[in-house]
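Those protein sequence lines, which keep their order, are chains A and B.
Per this note's numbering, numbering through the first sequence is continuous, rising by one, with the last residue being 201.
Per this note's numbering, numbering through the second sequence is continuous, rising by one, with the last residue being 355.
It is worth saying that the hints were derived from the structure and are not from the lab.
Keep in mind the model is a prediction, meaning the values are calculated, not measured.
There may be inaccurate statements among the hints.
Simulated pairs of lysine to aspartate or glutamate, EDC-like, Cα-Cα distance not exceeding 20 Å [unchecked claim]:
id : chain 1 : residue 1 : chain 2 : residue 2
1  : B       : LYS243    : A       : ASP41
2  : A       : LYS147    : B       : ASP77
3  : B       : LYS317    : A       : GLU37
4  : B       : LYS243    : A       : ASP189
5  : B       : LYS317    : A       : ASP41
6  : B       : LYS243    : A       : GLU188
Output of the computed footprint for chain B on chain A, the stretches with three or more beta carbons under 8 Å from beta carbons of chain B [what the hints assert, rightly or not]:
id : stretch
7  : 100 to 113
8  : 180 to 190
Listing some non-contacts, in silico: residues in chain A with all C-beta distances to chain B over 10 Å [claimed, not checked]:
id : residue
9  : PHE6
10 : ARG13
11 : HIS54
12 : ALA71
13 : PRO84
14 : GLU118
15 : MET154
16 : ARG170
17 : HIS172
18 : SER174
19 : ARG176
Beta carbons are placed, not taken as given, at the ideal position from N, Cα and C, and that holds for glycine.
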Amino acid sequence: MSKFDFPPSIASRPVYGTLKPRKGTQHLMIADGAGAEALLDLVASAPEIMAQAHVIFISRGSDTHSEKLRAAGPAILHVGPSYPATVQRIRRVLQDTVMGAQIYLAGTEGLIGQAMNEALQAGIPLAAIQTEHRGSVARRVQCVHCKGITEGVMTDPFVCSHCGLNLFVRDHYSRRLAAFQGVCIDAEDPGEVPDPVELYK
Amino acid sequence: MTIQFNDETFRDDYTFRNSEWAIKRFPFPFHEDSYMYSVNMEQHRGGPKGSVYEKRFDVDEHYISEMRDRALVLADDPLRCQSLPHMTLAGWDLLELIMVSKSEDYPDLFELHRNGNQWRWINKPLGIDDTFTFMDEASLPYGPMEYITRQAQGDYAVLDQRENNLWMDAGMVTTQADWSLDFDIGMNFFEWHAPVPLAHEMGVFKRALKFLLNIQQGSPARRLNWTMTVNPLLDTSPENYHKWGRQKTTLTPENLGRKQHLRVELQTFYRLPRSNALVFPIRCYLIALEDLVTVPKWGRRLHRVIRDLPEELATYKGFIRNRPMILDYLAQYDDGLPTSPGIWPDIDTEPPLQK
């Protein structure tokens with residue numbers, strides 16, 4: 001079960017869909033972890049697009065997903081260990097996209113948000129970008145105080161991995177940062193920090 | 001009249017004070033005894049003589065001290081002033097708008113001499129006399145938006161207009177009611193308002209956006225917004241909330257009248273000529289409750305508004321924990337008499353406090 005229905009939320013929060021095959025001259029697919037399954041579902045319904053597909057997969061150690069993607073026969077497959085290790089390559093590949101290219105992003109919110117940002121900055125129109133959430137519901141959160149981004153936040157509140165303040169996750173999302181906003185929870189009563197609860201529980 | 005500028009602080013020892021003149025012209029934001037969100041826009045075409053509506057960019061006794069406070073905020077955190085690369089033209093538009101308006105509205109304080117693109121700007125209160133080339137960034141010590149908004153009270157959000165939406169693509173934000181330009185930059189109108197409760201469901205933002213998209217050059221609009229702040233702290237930023245949040249716990253029944261301030265934003269909206277951007281000045285006025293209640297009508301009305309405000313709004317505006325104490329204080333100034341409609345103090349016609 002890697003699909004998750006996000007509860008109705010705020011206006012700045014991105015909405016994810018289900019990847020659908022589209023006509024295009026190029027198909028650039030970027031996924032992480034369980035996002036590979038969304039790409040495989042997509043390919044199952046339209047195997048022909050793989051001949052023009054450039055797949056960038058951030059495996060997070062999952063060899064099974066990498067092998068399945070390879071078996072699907074994309075024109076190019078690159079498997080990277082983490083997003084920071086892969087982002088330069090993503091930028092370079094986005095530079096080469098032509099008119100009519102289709103972008104498919106699948107996996108965690110952090111991956112989708114960051115890759116979306118790169119694609120928009122490269123001039124890809126929003127209408128040519130599809131997203132599908134799979135896997136972890138962890139959030140990327142920027143500490144509004146020190147500006148450091150903490151990856152993989154699973155609880156609310158949590159401790160900023162940069163400055164150590166206790167942060168709650170405000171319902172506010174920046175596409176530019178691909179991150180939610182974290183705000184000090186005990187500013188008014190230092191030390192009074194509620195027990196962390198798991199997000200979406 | 002010539003303005004007597006105060007030498008005062010908005011931090012640490014908080015020596016900020018409003019004179020009698022500033023109290024009487026305070027932009028009281030409630031036109032009736034209750035409050036709920038509304039689009040509440042009107043044309044910004046002057047107003048009663050001496051009121052904060054009279055001039056395009058109001059200058060008051062706090063000008064010099066506010067600009068000093070802004071410089072302190074920027075030295076501490078340069079991210080409070082940002083402009084995405086495509087917004088430079090809008091910055092020049094804004095510089096022109098403020099220089100022209102201030103030199104026309106306050107000729108004794110500001111002068112603008114233009115000879116083609118060679119401009120000379122004299123700001124007497126701040127002791128500035130600069131000659132520069134209009135549209136040449138290298139001729140100013142800062143970018144055009146930063147240069148002029150270091151000399152203009154209030155925050156400035158500069159909004160790009162495209163795809164039938166407004167985009168927060170530049171701004172100078174140091175006197176904000178708890179929002180972060182650094183986080184919100186690049187967002188559209190609905191995105192940056194996402195944390196506001198109730199208003200989305202009421203359709204307020206859709207109607208407001210429709211209005212703003214249609215603002216024409218030469219026809220600015222305005223509205224008032226409000227919140228509450230403990231101490232006259234201009235920089236109630238989320239960035240520094242872990243430092244100032246604790247001040248909310250320092251209220252006592254004895255110090256509340258002096259420390260608790262009503263914070264009012266005069267928001268105006270101007271279409272800019274070259275860039276077609278919209279500039280959204282957000283001017284912050286602070287008043288201690290003990291000064292506010294010297295106007296009997298305002299004392300009566302503020303008590304009723306705060307008492308009846310929905311809990312979500314008191315939470316969002318950040319004073320839910322202090323509301324009971326604020327109400328105890330304000331109740332002393334509400335004798336139950338009816339109040340006259342509209343925001344003006346009506347000192348001469350409203351009855352004095354009957355208790």
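>> Three residues or more, CB to CB closer than 8 Å: is that satisfied between the stretch 180 to 190 of chain A and chain B?
In response: With 7 residues close enough to chain B, the hint holds.
> A:PRO84 clear of chain B by more than 10 Å, beta carbon to beta carbon?
Replying inline: Holds, because the least Cβ-Cβ distance between A:PRO84 and chain B comes to about 21 Å, which exceeds 10 Å.
>> If we take the beta carbon of A:HIS54, is the closest beta carbon in chain B still more than 10 Å away?
In response: Given that every Cβ of chain B is farther than 10 Å from that of A:HIS54, nearest at about 27 Å, it holds.
> A:PHE6: least C-beta distance to chain B exceeds 10 Å?
Replying inline: holds (14 Å)
> For the pair supplied as a hint, B:LYS317 and A:ASP41, is the alpha-carbon distance within the 20 Å limit?
Replying inline: The hint is violated at about 46 Å.
>> Over 10 Å from every CB of chain B: does A:SER174 meet that, or does the non-interface label fail?
In response: Violated, since 5 Å does not exceed 10 Å.
> A:ARG13: least C-beta distance to chain B exceeds 10 Å?
Replying inline: violated (7 Å)
> Closest CB-CB distance from A:MET154 to chain B, is it above 10 Å?
Replying inline: A:MET154 is indeed farther than 10 Å from all Cβ atoms of chain B, at 22 Å.
>> Need the status of pair B:LYS243, A:ASP41: alpha-carbon distance at most 20 Å?
In response: violated (50 Å)
> Is B:LYS243 close enough to A:ASP189, meaning Cα to Cα at most 20 Å?
Replying inline: Between B:LYS243 and A:ASP189 the Cα gap is close to 11 Å, so the pair holds against 20 Å.
> At a Cβ distance under 8 Å, does chain B reach at least three residues of the stretch 100 to 113 of chain A?
Replying inline: violated (count 0)
> Does the no-contact call for A:ALA71 survive, Cβ to all of chain B over 10 Å?
Replying inline: The claim stands: A:ALA71 keeps its Cβ more than 10 Å from every Cβ of chain B (closest is about 40 Å).
Checked against the numbered hints above, the structure violates hints 1, 3, 5, 7, 10, 16, 17, 18 and 19; every other hint is satisfied.
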